[in-house]
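**Q** If you're matching them up, the sequences are chains A and B in order. In terms of our numbering, the first sequence opens at residue 1 and continues consecutively. In terms of our numbering, the second sequence opens at residue 1 and continues consecutively.
Be aware that one or more of the hints could be misleading.
[Stated by the list, open to error] A few chain A residues that face chain B, going by a derived Cβ cut-off under 8 Å, partial list only:
hint : residue
1    : Arg90
2    : Ile94
3    : Ser176
4    : Pro455
[As the list claims (entries may be wrong)] Residues of chain A placed beyond 12 Å of chain B at every Cβ, according to the derived structure:
hint : residue
5    : Gly20
6    : Arg37
7    : Arg133
8    : Gly134
9    : Gly186
10   : Gly195
11   : His266
12   : Glu330
13   : Gly331
14   : Glu436
Source of the hints: derived by calculation from the structure; they are not laboratory data. Even glycine gets a Cβ: it sits at the ideal position worked out from N, Cα and C.
2 protein chains.
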Amino acid sequence: MDALLNDIATVVGQGNVLTGADVVTRRVDWLSGEPCRAGAIVRPADTDELASVMRLCHAARQPVVAHGGLTGLVHGATTAPHELAISLERLSAIEALDPIGGTLTVQAGVPLQRVQEAAEAEGLQFPLDLGARGSCTIGGNIATNAGGVRVIRYGMMRQQVLGLEAVLADGTVVSSLNRMLKNNAGYDLKQLFIGSEGTLGIVTRAVLKLQPRLPSEQTALVACPDFEALTALLRHLGHRLGGALGTFEVMWDNHYRLLTEESGRHAPPLALGAPFYVLVESLGLDPERNAVQFTEALEAALADRLISDAVVAQSATQRDALWAIREDIEGLLQTLAPLFTFDISLPIAEMATYVAELESALARDWPEGRLVVFGHLGDGNLHVSVSVGSAEREVRCAVEHLVYAPLTPLGGSVSAEHGIGLEKRDYLSLSRSPEEIALMRTLKRALDPHHLLNPHKVLPPAPEDTP
Amino acid sequence: MDALLNDIATVVGQGNVLTGADVVTRRVDWLSGEPCRAGAIVRPADTDELASVMRLCHAARQPVVAHGGLTGLVHGATTAPHELAISLERLSAIEALDPIGGTLTVQAGVPLQRVQEAAEAEGLQFPLDLGARGSCTIGGNIATNAGGVRVIRYGMMRQQVLGLEAVLADGTVVSSLNRMLKNNAGYDLKQLFIGSEGTLGIVTRAVLKLQPRLPSEQTALVACPDFEALTALLRHLGHRLGGALGTFEVMWDNHYRLLTEESGRHAPPLALGAPFYVLVESLGLDPERNAVQFTEALEAALADRLISDAVVAQSATQRDALWAIREDIEGLLQTLAPLFTFDISLPIAEMATYVAELESALARDWPEGRLVVFGHLGDGNLHVSVSVGSAEREVRCAVEHLVYAPLTPLGGSVSAEHGIGLEKRDYLSLSRSPEEIALMRTLKRALDPHHLLNPHKVLPPAPEDTP
Numbered sequence: 001m002d003a004l005l006n007d008i009a010t011v012v013g014q015g016n017v018l019t020g021a022d023v024v025t026r027r028v029d030w031l032s033g034e035p036c037r038a039g040a041i042v043r044p045a046d047t048d049e050l051a052s053v054m055r056l057c058h059a060a061r062q063p064v065v066a067h068g069g070l071t072g073l074v075h076g077a078t079t080a081p082h083e084l085a086i087s088l089e090r091l092s093a094i095e096a097l098d099p100i101g102g103t104l105t106v107q108a109g110v111p112l113q114r115v116q117e118a119a120e121a122e123g124l125q126f127p128l129d130l131g132a133r134g135s136c137t138i139g140g141n142i143a144t145n146a147g148g149v150r151v152i153r154y155g156m157m158r159q160q161v162l163g164l165e166a167v168l169a170d171g172t173v174v175s176s177l178n179r180m181l182k183n184n185a186g187y188d189l190k191q192l193f194i195g196s197e198g199t200l201g202i203v204t205r206a207v208l209k210l211q212p213r214l215p216s217e218q219t220a221l222v223a224c225p226d227f228e229a230l231t232a233l234l235r236h237l238g239h240r241l242g243g244a245l246g247t248f249e250v251m252w253d254n255h256y257r258l259l260t261e262e263s264g265r266h267a268p269p270l271a272l273g274a275p276f277y278v279l280v281e282s283l284g285l286d287p288e289r290n291a292v293q294f295t296e297a298l299e300a301a302l303a304d305r306l307i308s309d310a311v312v313a314q315s316a317t318q319r320d321a322l323w324a325i326r327e328d329i330e331g332l333l334q335t336l337a338p339l340f341t342f343d344i345s346l347p348i349a350e351m352a353t354y355v356a357e358l359e360s361a362l363a364r365d366w367p368e369g370r371l372v373v374f375g376h377l378g379d380g381n382l383h384v385s386v387s388v389g390s391a392e393r394e395v396r397c398a399v400e401h402l403v404y405a406p407l408t409p410l411g412g413s414v415s416a417e418h419g420i421g422l423e424k425r426d427y428l429s430l431s432r433s434p435e436e437i438a439l440m441r442t443l444k445r446a447l448d449p450h451h452l453l454n455p456h457k458v459l460p461p462a463p464e465d466t467p
Numbered sequence: 001m002d003a004l005l006n007d008i009a010t011v012v013g014q015g016n017v018l019t020g021a022d023v024v025t026r027r028v029d030w031l032s033g034e035p036c037r038a039g040a041i042v043r044p045a046d047t048d049e050l051a052s053v054m055r056l057c058h059a060a061r062q063p064v065v066a067h068g069g070l071t072g073l074v075h076g077a078t079t080a081p082h083e084l085a086i087s088l089e090r091l092s093a094i095e096a097l098d099p100i101g102g103t104l105t106v107q108a109g110v111p112l113q114r115v116q117e118a119a120e121a122e123g124l125q126f127p128l129d130l131g132a133r134g135s136c137t138i139g140g141n142i143a144t145n146a147g148g149v150r151v152i153r154y155g156m157m158r159q160q161v162l163g164l165e166a167v168l169a170d171g172t173v174v175s176s177l178n179r180m181l182k183n184n185a186g187y188d189l190k191q192l193f194i195g196s197e198g199t200l201g202i203v204t205r206a207v208l209k210l211q212p213r214l215p216s217e218q219t220a221l222v223a224c225p226d227f228e229a230l231t232a233l234l235r236h237l238g239h240r241l242g243g244a245l246g247t248f249e250v251m252w253d254n255h256y257r258l259l260t261e262e263s264g265r266h267a268p269p270l271a272l273g274a275p276f277y278v279l280v281e282s283l284g285l286d287p288e289r290n291a292v293q294f295t296e297a298l299e300a301a302l303a304d305r306l307i308s309d310a311v312v313a314q315s316a317t318q319r320d321a322l323w324a325i326r327e328d329i330e331g332l333l334q335t336l337a338p339l340f341t342f343d344i345s346l347p348i349a350e351m352a353t354y355v356a357e358l359e360s361a362l363a364r365d366w367p368e369g370r371l372v373v374f375g376h377l378g379d380g381n382l383h384v385s386v387s388v389g390s391a392e393r394e395v396r397c398a399v400e401h402l403v404y405a406p407l408t409p410l411g412g413s414v415s416a417e418h419g420i421g422l423e424k425r426d427y428l429s430l431s432r433s434p435e436e437i438a439l440m441r442t443l444k445r446a447l448d449p450h451h452l453l454n455p456h457k458v459l460p461p462a463p464e465d466t467p
């Protein structure tokens with residue numbers, strides 16, 4: 001690897017080939033704090049330098065792992081000592097903002113929050129939003145097809161990308177920096193790179209679609225008497241708020257109770273005892289009209305017994321206090337450690353049964369175990385946390401089996417928004433058929449025949465890959 | 001081919017292998033009326049039959065062309081005598097509607113309008129809409145990534161598809177009938193089949209995402225004093241109407257004048273003389289609130305001189321009369337025949353210059369020529385019609401050159417929503433780089449190494465394809 005690193009240093013400069021302590025002091029997983037074990041970290045300045053680096057790596061058959069903000073949750077950026085990490089941190093420029101077309105052209109290493117701020121400075125918004133906004137990068141958001149708390153209104157990252165540029169395994173630069181909403185000139189190549197976790201190419205630049213700002217946010221926490229009422233409420237608000245429904249975040253009672261009464265971390269804004277609590281937001285232009293529409297929709301839901309109780313935030317402070325319960329991941333980790341967390345999706349209609357059966361199965365195998373459920377219900381996405389008093393590998397496998405196996409007959413997914421990485425690779429076949437996995441392998445072989453890009457991630461090893 | 005057709009008849013039944021007069025009486029192009037010249041038309045009943053047919057075709061190296069509603073505009077369904085047409089017309093069932101998840105599972109041969117009606121019957125909407133709604137099919141909408149008049153609000157067909165099933169060239173069935181908004185379990189394979197015009201697989205079923213209905217439509221026709229005001233108006237309405245802006249359809253004065261005063265086909269709702277006329281719609285829940293918001297937004301635009309005149313439809317009849325001008329394609333064809341029509345996209349900021357320069361270039365080469373421009377401005381999509389008194393092939397080529405060549409430096413596209421088919425195949429390289437086209441070929445080779453699926457469409461012949 002030394003000769004190759006020397007060649008790479010002539011491209012990026014010696015100071016941009018990190019080794020030794022400069023490597024291991026980086027964490028590749030914020031949850032576990034796992035250090036980076038890459039053979040070296042290479043920091044190209046731009047697309048051309050990255051292309052040159054990849055040509056060298058291709059000639060040397062050197063595998064690489066692209067690093068963005070390293071906030072992923074599925075070990076998608078884990079890098080082995082025989083692999084190189086390619087950090088996109090120096091590709092950090094916001095290149096162009098087109099206020100007429102409503103587009104922003106950025107380099108891959110720009111953090112999400114800087115993109116949000118650049119859009120806001122122009123009176124627009126970039127609607128993708130998630131807790132890691134300050135650290136995660138646009139390149140990583142694209143590579144993982146990030147989701148977050150606005151998917152019900154604006155879709156996932158895939159919907160926010162008009163064009164992109166990527167470097168292929170052999171160093172070819174594929175530049176598809178389309179700026180139009182419509183472009184049907186041949187295959188939509190950017191789709192290959194969105195959500196494929198750096199296994200088909202390394203994203204270097206992107207054209208993002210901006211949206212008109214909706215300055216008025218109405219926020220409420222409501223309690224639902226049963227699951228039927230919960231799904232009826234989702235539909236009711238969809239109809240009554242039209243395109244304004246921006247958030248529908250559900251907390252099962254086990255989640256709400258833990259983070260309020262039980263842990264004492266948050267004062268409960270609504271009395272305990274309901275099976276479901278929902279954080280609801282309506283996004284609008286005119287605060288007054290938006291408030292009237294929102295209140296009327298909630299009043300109608302109360303009258304129809306879709307909700308049993310509600311509190312509407314009257315200030316930004318109150319709004320933050322409601323969100324703080326939903327977003328208190330630290331509280332979950334602290335009170336339930338050791339904890340296994342899952343990110344799954346399934347048809348909404350199947351959720352109640354799924355959770356009830358999971359609860360029974362866990363209680364059977366771990367009578368002292370705890371189950372906590374919350375999620376983006378409108379997106380079909382649940383975050384399931386399980387604590388059984390152990391973090392052992394075999395225990396984790398047993399719990400994974402209980403969580404994932406029932407998804408297959410329901411047409412659910414072992415990954416809603418976090419991706420597959422290494423962590424869920426061996427469960428991919430629970431959500432995707434042999435024909436689908438074979439087609440994924442066909443794509444991987446076609447674009448990266450020498451397995452140089454983020455090797456071993458996403459796809460389980462094929463029989464022909466085993467020496 | 002006869003032996004193969006006999007084998008196919010044992011799969012689909014003799015009555016579903018059409019030959020002779022049953023073939024040539026079908027039109028594969030509604031604009032030209034070109035008859036079908038396929039060796040035969042095969043009509044499988046379901047996915048399994050199609051898979052069997054494709055296995056037979058694969059073994060015999062028999063090329064096929066999938067046929068949907070045959071309303072395409074780029075000769076994407078043209079079928080040669082040595083090719084088989086595969087008609088999806090018998091895959092015409094609406095299989096399931098999930099009102100809780102807001103999804104509709106349909107077979108590929110279902111016409112768009114039936115999908116819209118099925119959604120409306122449930123109090124929901126399927127937002128994709130275009131003039132051919134009664135004939136075009138969901139499979140064709142997916143294969144061409146259809147656009148239409150609601151893209152500015154809801155996106156193209158790609159955004160409406162949650163899952164799909166396709167049959168590959170070798171008869172493999174890839175079933176990805178995902179029903180969730182979020183599913184990051186491995187590569188998003190459906191993206192391969194959306195917009196690839198039947199060259200990578202044949203779509204057989206799809207899960208479509210439905211939206212809450214927005215029953216109130218406010219419609220106005222406005223006149224704009226110049227292009228700067230036009231783009232400022234687009235942005236102004238985006239901000240003032242928030243997510244409610246549903247349509248922003250621009251007619252250049254040459255289009256408006258032709259279809260009103262000059263042809264006498266429509267009474268002009270606004271006086272002639274402005275350079276641009278825009279059909280604007282706001283979609284809302286509450287007719288009263290929507291109307292107030294819409295009127296206020298237009299009044300502000302008048303005060304700011306973004307518009308010089310406006311008429312708001314006061315009834316469905318008035319609304320239809322406004323749309324009738326914009327949608328009068330027959331009027332264009334009749335008054336300007338022989339006519340060449342184009343569907344292009346380019347960054348909005350570049351449009352005025354592009355059209356002015358095209359006008360000069362045409363006037364230089366054909367002083368009697370006519371140029372008519374309208375389009376989905378908010379999407380970056382213009383429909384350009386050119387009449388130079390001839391329909392000759394060489395004349396068409398010369399005009400194509402004038403229309404397409406200036407798009408390359410602007411980052412524009414030779415196809416916004418119609419696709420490439422045969423018609424634009426030789427112009428693909430004006431909109432896509434050699435690296436992009438090479439990657440498209442890599443995909444085609446990986447999925448259809450024997451060139452059996454809609455051969456010769458989309459991609460120009462590669463050197464290695466020439467015998």
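**Q** Decide, hint by hint, whether the structure agrees.
**A** Now for the hints, and whether the structure bears them out:
1. Among the interface hints, the one on A:Arg90 is violated; its C-beta lies about 23 Å from the nearest C-beta in chain B, farther than the 8 Å criterion.
2. A distance limit of 8 Å between C-beta atoms decides the matter here; for A:Ile94 the minimum to chain B is near 18 Å, and the interface restraint is violated.
3. At about 6 Å, the closest approach between the beta carbon of A:Ser176 and any beta carbon in chain B falls short of 8 Å, and the interface hint on this residue holds.
4. Taking 8 Å as the C-beta cut-off, the interface hint given for A:Pro455 is violated, the closest approach to chain B being about 16 Å.
5. Non-interface call for A:Gly20 relative to chain B: holds, since the shortest CB-CB distance, roughly 35 Å, exceeds 12 Å.
6. A cut-off of 12 Å between C-beta atoms confirms that A:Arg37 is not in contact with chain B; the least separation is 25 Å.
7. Here A:Arg133 stays apart from chain B, with its beta-carbon at least about 18 Å from theirs, past the 12 Å limit.
8. Consistency note on A:Gly134: stated as away from chain B, and its beta-carbon is indeed over 12 Å from all of that chain's, at 22 Å minimum.
9. Here A:Gly186 does not stay apart from chain B, with its beta-carbon only about 5 Å from theirs, under the 12 Å limit.
10. In this structure A:Gly195 is not separated from chain B by more than 12 Å, as the shortest Cβ-Cβ distance comes to only about 5 Å.
11. The Cβ of A:His266 sits about 27 Å from the closest Cβ of chain B, beyond the 12 Å cut-off, so the non-interface label holds.
12. For A:Glu330, the shortest C-beta to C-beta distance to chain B comes to about 24 Å, beyond the 12 Å cut-off, and the non-interface label holds.
13. With a cut of 12 Å on Cβ distances, A:Gly331 stays outside the contact zone with chain B, its closest approach being about 24 Å.
14. The claim that A:Glu436 is not at the interface with chain B is violated, since a C-beta of that chain comes within 12 Å of its own (minimum 6 Å).
Hint compliance for this structure: hints 1, 2, 4, 9, 10, 14 are broken, all remaining hints hold.
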